[in-house]
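Undergrad: Those protein sequences? They're chains A and B, same order as listed.
Here full-length UniProt numbering is used: position 37 in the first sequence is 37, and no number is missing along the way.
Here full-length UniProt numbering is used: position 13 in the second sequence is 13, and no number is missing along the way.
Please keep in mind that the hints were generated in silico from the structure rather than gathered at the bench.
Keep in mind that a hint or two might mislead.
The list treats identical chains as interchangeable, and a pair is accepted whether it falls inside one copy or across any two copies.
Claimed, not checked - Derived lysine to any residue pairs resembling SDA-like cross-links, with alpha carbons at most 20 Å apart:
1) 47 to 147
2) 70 to 100
3) 70 to 93
4) 70 to 122
5) 70 to 48
6) 70 to 98
7) 70 to 91
8) 70 to 89
9) 47 to 148
10) 47 to 75
Number of protein chains: 2
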Amino acid sequence: MTETDSHDIRDGETRIDAPMREDAAVQFIGVIRTPYTSRDMCPRQGKLDGPDCRLELRPEWEPGLEGITKFDHLDVLYWLHQSRRDLVTQNPRSDGRITGTFALRSPVRPNPIGLSLVRLIRREGNVLIVKGLDCLDGTPLIDIKPERCAYTPQAPHKDADDV
Amino acid sequence: MTETDSHDIRDGETRIDAPMREDAAVQFIGVIRTPYTSRDMCPRQGKLDGPDCRLELRPEWEPGLEGITKFDHLDVLYWLHQSRRDLVTQNPRSDGRITGTFALRSPVRPNPIGLSLVRLIRREGNVLIVKGLDCLDGTPLIDIKPERCAYTPQAPHKDADDV
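Work the whole structure out from these sequences, hints included.
TA: In structure tokens:
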């Protein structure tokens with residue numbers, strides 16, 4: 001393994017031994033600023049009343065925030081750039097209870113995409129101030145979506161069976 | 001534009017004119033089978049009592065499903081491979097009301113990652129039968145996670161301030 005990762009293999013964990021496929025490219029659209037500068041500081045799950053964090057978009061994507069302040073909650077997707085990607089089973093408590101990667105929300109997964117529900121506090125130009133993140137400071141941002149429960153599709157009003 | 005896309009630019013929409021960044025690679029871990037073989041057939045949002053769909057994992061990732069049947073609901077992430085990626089504002093109803101891409105759940109976004117909450121019906125080896133998807137048949141699968149509300153982090157029991 002030449003990957004940068006701090007997660008060593010524990011008893012009972014299984015890794016994929018094939019070279020990683022590269023099927024599509026992700027572009028980072030900005031960076032996330034949190035108070036968590038080391039993994040030990042990161043909570044296991046963010047809290048909607050936790051500390052303020054910042055989603056800083058690259059300037060070219062700023063117009064993409066038009067209209068976002070009408071939503072209270074957002075889904076934020078980010079790239080867990082320090083996670084290994086080859087574990088198919090994991091032993092998260094080091095207690096021998098083996099669990100499949102897809103039955104965990106661990107950052108260790110084939111595509112290390114983190115997903116958090118956040119509360120939108122305010123917008124400042126190309127920056128959103130939010131609460132609810134648990135990721136490291138400097139984590140690359142890949143997407144922001146209105147939270148699904150609050151969201152009503154905007155396209156063709158007419159096809160009622162669509163909604 | 002040489003991208004394959006069927007979404008032409010509508011009045012008031014804005015596109016990014018820079019070459020796309022390629023910051024990280026996504027690997028497809030399987031394919032999604034739905035009854036929707038053209039975009040016109042796709043509902044705007046999936047329904048948890050909709051038709052059965054299949055998440056077919058590549059065989060090497062099958063052990064990653066260990067333990068997943070204890071969850072009723074899952075977050076499914078997939079790659080919207082037919083979507084254009086360069087629109088920063090959109091005019092979804094073609095009515096002149098311009099909305100930023102991040103205030104929409106449109107498939108057109110810088111990283112065309114779809115996210116759906118699904119209901120797990122059953123597992124058959126490397127296949128999960130689920131309800132709630134709205135994507136095209138043949139959509140590449142990139143991740144499956146237990147739905148966040150039902151999920152309790154498994155790692156170190158002891159640090160109570162973590163939960």
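Undergrad: Any hints from earlier that this structure breaks? Give me their numbers in increasing order, please.
TA: Result: no hint breaks.
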